[in-house]
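Residue numbers (numbering that gives the first Met the number 0), protein chains in the order written: chain E, 0 to 151; chain F, 0 to 488; chain P, 0 to 620; chain X, 0 to 227.
Just so you know, these hints were derived from the structure itself, not from any lab.
Given the structure is predicted, the values throughout are model-derived calculations rather than measurements.
It is possible that part of the hints are untrue.
[Claimed, not checked] Reference listing, derived: stretches of chain E covered by chain X, where coverage requires no fewer than 3 residues with Cβ under 8 Å from a Cβ of chain X:
#1 29-38
#2 42-56
#3 103-109
[Said to hold, decoys possible] Over 10 Å on every C-beta distance to chain X, these chain E residues come out as not near it, computed from the model:
#4 V24
#5 D67
#6 D119
Using N, Cα and C, we set each Cβ at its ideal position, and we do this for glycine too.
The primary structure of each chain is shown beneath.
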Amino acid sequence: MALDFVSILYIGALGLLLLGTFGLVTTTHLFRLILALALAEAGVNLLLILSGYRGGAQPPILGFGPQDMPMVDPIPQALVLTAIVIGVGVQALAVAAAVRIYRRYGTLDLVALKAHLEGDLARKQGIAPPKSAEKPAGERPLSPVPPRPQEP
Amino acid sequence: MLPLILPVVLPLLAAFLVMPLARMSALIARALGPIVLTTSLVLLLPCCLDPPAQPLVLAIGNFAPPLGIVFYGDRLALLFANAVALFFLLFWDWRGGNPQQARQDALMLLLAASATGLALSGDLFNLYVFYELAAVASFGLVSLSGTGPALVATVRYLLVSAFGSVLALAGIALLYLQTGTLNLAQLGIDPEPLQGPAGLLAFGLMVIGFGVKAELFPLNYWVPEVYASAPARISALLAGLISKLAVLILLRLLVLVYGDTAAPQILLFLGILTIFFGEFSAWRAQDFPRMIAFSSIGQLGLVFIAFSLSGSWGVLAGIAVALHHLLVKSALFGLAHRWSGSLQALTGSAQRTPLAAALFVLFALSLIGVPPLPGFWTKILVLAGLAQEGSALAFTGLGAILLVTAVEAHYLFRFALQLYEKVENAPAGFRSFWEFLPSLLLGAALLAVTLRINPVADRLRAITQQAADRSFYITQVFPQAAAHRKDQP
Amino acid sequence: MNALDLLFLLSGATLLCALLFGRTRWAAPLLLLGYAAQFVALLQTNALFGEPISLSWSLVVLDQPMHWRYDALSWFFALITLGAGFLSTGYGSGVWMRDYERAGHSAGVLHTALAANVFSMVLLVGAEDFLSLFLGWELLNWATFFLMALRGGIAARAALRYLGYAFTGGMAILGAMALLYAQAGSLEFQPIRESLPQMSDGQLWVLLALLGSGFGIKMGLLPFHLWQAPAYAETPGPGSAFFSAVSARMGLYAMLVFFVGMVGLARLVQMEIPYTFLNGRDLLAWIAVFTIIFPTYTALQQQDARYLLAWHGIGQGGYMVLGVLVGTAEGSAGGLLHIFNHAITQVALLMAVFAVLYRTGTTDLNRLGGLVARMPLTFLTLLFGIISLAGLPPMAGFVSKLLVYRALLFEGMPLLFVGAIIGTLGTILSVYKLIHNIFLGQLRLEHESVQEAPLSMLIPMLSLSLLIFLAGYFPGPTLSWVAAVQAQLGLPVVNYHLGGVYDAHGGFNMIWIVSVLLAGFGIGALVFFGLGGPSKRVHQLDNYAGGHFLYAENRYQYSDHFYAGLMHLIGPWYRGSFQWLERALGSIVDFLAHFTNGFYGIAQPLLWSLAAVLGIAVWVF
Amino acid sequence: MRNLAAVLFIGGLGFFLFVLFFRLPLGAPPLVAGAAILEEGGETVGAANLVTAVLLAYRGMDTLGELSILFAAATAVGLVLGRRQLVVSDPEGGFILRAGSDLLFPLLLVVGLYVILHGHLTPGGGFQGGVILAAAFFVPVLARPRRGLDHGLLSFVEGLAGAAFIGIGLWALFARDAFLEPLLGKGVLGHLFSAGTLPLLSMAVGLKVGAELAGLMTSLMEAEGRES
């Protein structure tokens, strides 16, 4: 199969998506995660816009090119615009939260943050922090035979 | 047609205006949300109580589908839209007092608008947009307290949600690439090309994407920590309402396109894992919010299992389970507002607040499915459906449901007994009756449904009849397409 | 409105009365009246000898009809239920309740819980389809849980354990219902009865396992017996007596309905277990025999009178199942009759023990003794009770056990017979320990001024004692009920007369047996009182040994470590094996919970999501 | 271990995706909705730029949702970052930066407005122009960090712009019984005053996006400051 232009674009889009996903699943650093997310989003946006591409067509603007030439599908372009803006909003929010988290805990490593999270939550709820040598939640599943009543 | 569009648009308008208004008059800004939601309720309630025989179909901007976006209000959609208005009013922050009240109200309104949109929209990408709006608004709301845990939980939630939406978007792109349309009804007209591997992969990607909010198994790790750190009202809405609306998208896809494929099996498999992980994790939960959060995961697993059943039986069972869970879990989170601490610290709470403890027992009984409460009927629908499926996976699901229900009963009543223990210094619990009024109302609703189970069941059947009928949906949106199809069998 | 409607209505009204007026002074008379009225309504139904009677209204939920219908079997169980409810309420109505309330408990809640139990049982035994059966079953489970958990503390823990078992059992039943629905397309008994013959052995085995364990849990059949004794023993007096009489028997009721009435013993016999000589019936019979033996010998070890009796309650259930499974006219009559006989026996015994508890404040067998002179009527009740429990003439228990033994022998089941006899031996040994440690032997100093039980408790106790004796002397009336039940279930009907039964081997006549026995007693009494030397009445604490006065503080009476030799011999055989099983199950659940919780502790679990995506991709290809 | 698993998973997924995608009609997609829009878009809506026509007319609801998402993000960022007084510690920019920003501001403003207003004719539109507008306002802030932007004004603008978008939609709802149906006549294709209400919607979108992005960026920049 000869690699035509569209195929190369598709390979690039999927590659971006996979690269971003790889970053998302491997790194634990919050900021890198956000970057990986941006990468994956770029890939998927490219994929979306390619889904409306027709070989050799012109942009969907009337009166822009020759009348009889086919035009590409305008819908994915509109969709991509929407998707990009959504991505921007989510990323801005993520960065803002990351800033606050860095202020609060001084780290952006998810492993450390998860430990902080569990510890703080446990403190807030008034329970033993996790991974300490504490007793299990509640009782044993089926409590052992009740002890005999003591003398009154 | 007003009931279809205004409940989506008015909250958005109000959300845009809350902050500018708050600079002029705090009172007006505060009143705006309830007024808008009440208006939506007033608009929607007649459609829900006395539903029109034909679904309401609205082409936005008068652009005939599939060119424009279409809103599709059958009984199911109207019911959920109604529930959105109702539950947002129930769990509205009436007390207020947050320094950022206007922002909070704006986010709540955005969430309400997106939830209504999720219920009504009949366009895949539009659903995705509303889904993302719900996600972003909920990120803001769950980090409302601004504490460290809330922020970390939010970011973890945000990451998985964003990852999910990337996948969902990829799924939508894949779908569009094959069909060139985003209209659900049009996708359903000729589903065969989509039932191949590429179409199914698109569905799988969307399951993962929309499964984040629906608390599907490998994507639900955010649930316990977010519900433990977010305000209980928000948790109630997310766990009760938004999760069901995410499932609704998948339901539409299942009914219209993927009913006869391997897709239900995938849902069944993931549902079994979800119910298993949720309920067993709840066993070890040490605080009330996380216990019910895990239980909510388990219940959503049940919803997925129910929807995976074939035919209208599955739709009926799924809707019943989803509505029951909507009622019960929202109410339980309503109690978590005050019972936010560890289970141990709540020992003896029944002494001061017997009504709240009694409500907990009622909800727990319904949750595990004790007759004659509605939970039992929903559960037996699912179980009988699974037994009728007869496949090995279905029997696995049957066994898993029974097993985890036993586990669930044990941990819920371990806690219930703790509530009723006699202790010296009983925890104060609720300051006033008003604090658990939403739960009380929902409990009353549960009892009312128990008594009027047959009319409710009939209503559900009518809803199912519309929702489970593929050609009905298509005919409503494309009257000409159906005629066209009849011509060439 | 027919008599059955009236019965249900009255039962509901009694529950409502308990709920509304439970804490008032006239609660007890009102409730007694309520139970009595239900009893009259039950008699009015005439379901035993007449035609089965259906409730005139039925429910249809989700297209599933729910009806209730009383036949002879329902009548029989409802009779026991109402009798137990009436007597327990009477027992707990007077001074007992006053003290109970003084201890900070609520009379209203107790009354309500008891009435709820009665109501749910009345509902359950009338079930005519699986839906109403399950409804009654779950209501009963929760009412039972409610009554058990009332006292808090140990009782609540035992109740939670009960809940763990009972709800799991309920889920097994629910699973079986789903399977039945898929097979028969309905949950009503009639279509299921028709579709059962078409089912394969495999399907039936699954149903047997699910329903057998579901119903067996309530019965306390092995290996699900561990919950019962602590839970029943820790329940407040009237509740404990009520439970022991009838609560566990509801499991038997359901088993009779399904395994005997629907599947049929003949089908069970056909279900061979591969590579063994056993079939389905044998399996159940052996479970029943082990249920007799293990709990009985566990009872032998108990130091608390309530626990001892509660363990026996489990063991006696085995005789009933065993008798019914033999399937002959005599055997099933014995099993069914034992339900009634055991109920009256166990209620009388527990009432006596709770009377002792009421007067002395303890049921610890090592802290009692010599109460025979202080509480002679209670002693009499206990004596009657243990004779009946051990299955000795002339009391009621003898008749039913004799029927079971004869059936086992004549049907050629010697091993099962030996098992049953071993169980009876254990019973005799342990009831001797019971009566000895409470009433005989050395009187404790602190019990010197103990009084006879109050009248409100004595009346039910004594009337039950009389009933035990009469049911042993003239088993005809009870046998007539049993015969009706047998006819209803499709079992061969026993050929009875006033004093016993006729069968191919001649039968027996209790009037003769008891009369001879009584004559023997009379002669003994004549010898004792007529020929004996002069006697002198001394105080119970006025004791000498070897010329030395024995001070009451000194323990010179052997009471602890009863049967040490036997215990030494059999102890290692069964010590804690089932508890080990239970704990293992608990640990498995705990481990799984730990495992699943691990997922929620991962810092960055997006890899799992990716794995899910990949899994789906693999699936769809 | 984790990376290895990730590589394997990604590899597997990539394999499946490539195999799947290259079975599909790449470069020749089935135009169903798209073809119809290409066919009649110019006449029905009157916008030469069909992407804008899709964005603001055919899929106006998506755009409204997207505006709401951006608004939600901005609001949530405001909530997350809080309203504490932060002292921006960044130094004032140098002369080149300041002069450059002063020069750029009017240029960007004009370009932004041009792009917004010609959205229905040429590539561009509310979003693109809005981003340029945001840049126009943000560049001076970069040069003079202490000056900042008035968040109150920004929220006012974004609120009103959003309300205007919905207001135009509601106007159509009451005038024509269809939310967001273009009004005001289609005009001549290719002229500035054409495509009915689309330029107005474009304007609202542009203002809203501009205000929101500017607000977002300044909020994030201020978050860098020390707490006073």
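Results for each hint:
Only residues whose beta carbon comes within less than 8 Å of a beta carbon in chain X count, and the stretch 29-38 of chain E has 0; fewer than three means the coverage is violated. With 6 residues bearing a CB less than 8 Å from a CB of chain X, the stretch 42-56 of chain E meets the requirement of three and the coverage assertion stands. A count of 0 residues in the stretch 103-109 of chain E with a Cβ less than 8 Å from any Cβ of chain X is obtained; the coverage claim is therefore unmet, three being the minimum. At the 10 Å boundary, the C-beta of E/V24 falls inside the reach of chain X, the nearest C-beta of that chain being 5 Å off.
Every C-beta of chain X lies more than 10 Å from that of E/D67, the closest at about 12 Å, which supports listing it as non-interface. Every beta carbon of chain X lies more than 10 Å from that of E/D119, the smallest distance being close to 17 Å; the non-interface claim holds.
Consistency with the previously given hints fails for numbers 1, 3, 4, ordered from lowest to highest.
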